[in-house]
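Position chain B against the provided structure of chain A, taking the given hints into account.
Here are the chains, one letter per residue:
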Amino acid sequence: KAGVTQTPRYLIKTRGQQVTLSCSPISGHRSVSWYQQTPGQGLQFLFEYFSETQRNKGNFPGRFSGRQFSNSRSEMNVSTLELGDSALYLCASSFGLAGDRELFFGEGSRLTVL
Amino acid sequence: DAKTTQPPSMDCAEGRAANLPCNHSTISGNEYVYWYRQIHSQGPQYIIHGLKNNETNEMASLIITEDRKSSTLILPHATLRDTAVYYCIVRVAGSMNSGYSTLTFGKGTMLLVSP
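Line order of the protein sequences matches chains A and B.
The first sequence begins at 1 in our numbering and counts up by one.
The second sequence begins at 1001 in our numbering and counts up by one.
Bear in mind the hints are in silico, worked out from the structure with no lab data behind them.
Note that beta-carbon positions come from the ideal geometry of N, C-alpha and C, so glycine has one too.
Some hints here could point you the wrong way.
[Said to hold, decoys possible] Covered by chain B, per the in silico footprint, the following chain A stretches (three or more residues, Cβ under 8 Å): (1) 14-27; (2) 104-114.
[What the hints assert, rightly or not] What follows is a list of derived Cβ distance ranges for each label pair: (3) Ser79/A to Ala1017/B: 44 to 54 Å; (4) Met1010/B to Thr112/A: 29 to 39 Å; (5) Leu83/A to Leu1051/B: 40 to 50 Å; (6) Thr1065/B to Leu83/A: 42 to 52 Å; (7) Arg1016/B to Ser79/A: 46 to 56 Å; (8) Arg30/A to Leu1051/B: 22 to 32 Å; (9) Asp1011/B to Gln17/A: 40 to 50 Å; (10) Arg67/A to Thr1072/B: 19 to 29 Å.
So that you can see chain B by itself, here it is in the shape it has in the complex:
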């Protein structure tokens, strides 16, 4: 799976949009971009994923550049409960031999949302 690069930490004011960047310049055509977050001492939580097109759900939006070499996770109105480590992961669309549920976690971005 392609490697990702994320800033180690970011700050955001409560109520403002949090924009978390991720670089995945070696991504392959069949690799998805996934975002998970981990609140302290809890299991990681799925946020969103995408292949080529921008995606939006009730938690966040995912913007993928046209060349797919980078993406941005957007939390439109950050709250204190969004303080967590955010992981950007690229992962091959699975087959029985590809280890489809294997996620390779990097160090992620520690997002601190302040009042």
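Just chain A, with the same shape it has in the complex:
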């Protein structure tokens, strides 16, 4: 079956702009989480959604937001972009609520802020 799909794969924005990234989870998966990866900070948790509700949120400013739709697809938005937002944004999906479920990651969306 198809894996986690993230779009766009690459994008370039300028400071002050906003960006929306999309994630389509594996069919049947209801949980979607987002991570930011930078060379300096590594992989950091952004937020997690299940059944259209945000279940958990990482330590990021309010400029970072997300949502999940009824078909489990998710989007994340970053407003008023800063240079430090340049990163690989990764989406992961899992089947459900159980903590012993593995996460399946997409290939990521690489954002460059100029």
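Showing chain B alone in chain A's frame:
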């Protein structure tokens, strides 16, 4: 979630077993040990996880010590395609309030498999 300690890098000859250690001395009884790997510029890939018992799948084996304070990921016959950063993560078995899908990644071990 408990913290983990991994060596920053390891080398392995192609065809040999790669044994990647992880220390998680503060692990709690309800925390699982997970291993993921990330090949350059790709998303992390799930490898294996376990709670108490040793586990094996088509990719690797996970050996957890009896006191659960450390574990070893074993790639039985490493190939060049196994060159990646390997992350050891401990994670609480979830509930709706525990952030069940939150993974706290450390710096991992960069495994270099050479011909």
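Against the structure, the hints come out as follows:
1. 14-27: With 0 residues closer than 8 Å to chain B, the region 14-27 of chain A misses the three-residue bar; violated.
2. 104-114: With 5 residues closer than 8 Å to chain B, the region 104-114 of chain A meets the three-residue bar; holds.
3. Ser79/A to Ala1017/B: 44 to 54 Å: 49 Å, holds
4. Met1010/B to Thr112/A: 29 to 39 Å: Once the Cβ atoms are compared, 32 Å apart, the range 29 to 39 Å for Thr112/A and Met1010/B holds.
5. Leu83/A to Leu1051/B: 40 to 50 Å: Since Leu83/A and Leu1051/B have Cβ atoms about 42 Å apart, the given range 40 to 50 Å holds.
6. Thr1065/B to Leu83/A: 42 to 52 Å: 44 Å, holds
7. Arg1016/B to Ser79/A: 46 to 56 Å: The hint (46 to 56 Å, Cβ to Cβ) holds, given that Arg1016/B and Ser79/A are roughly 50 Å apart.
8. Arg30/A to Leu1051/B: 22 to 32 Å: Cβ of Arg30/A to Cβ of Leu1051/B: about 23 Å, so the range 22 to 32 Å holds.
9. Asp1011/B to Gln17/A: 40 to 50 Å: Once the Cβ atoms are compared, 43 Å apart, the range 40 to 50 Å for Gln17/A and Asp1011/B holds.
10. Arg67/A to Thr1072/B: 19 to 29 Å: 41 Å, violated
Violated hints for the displayed structure, listed by number in ascending order: 1, 10.
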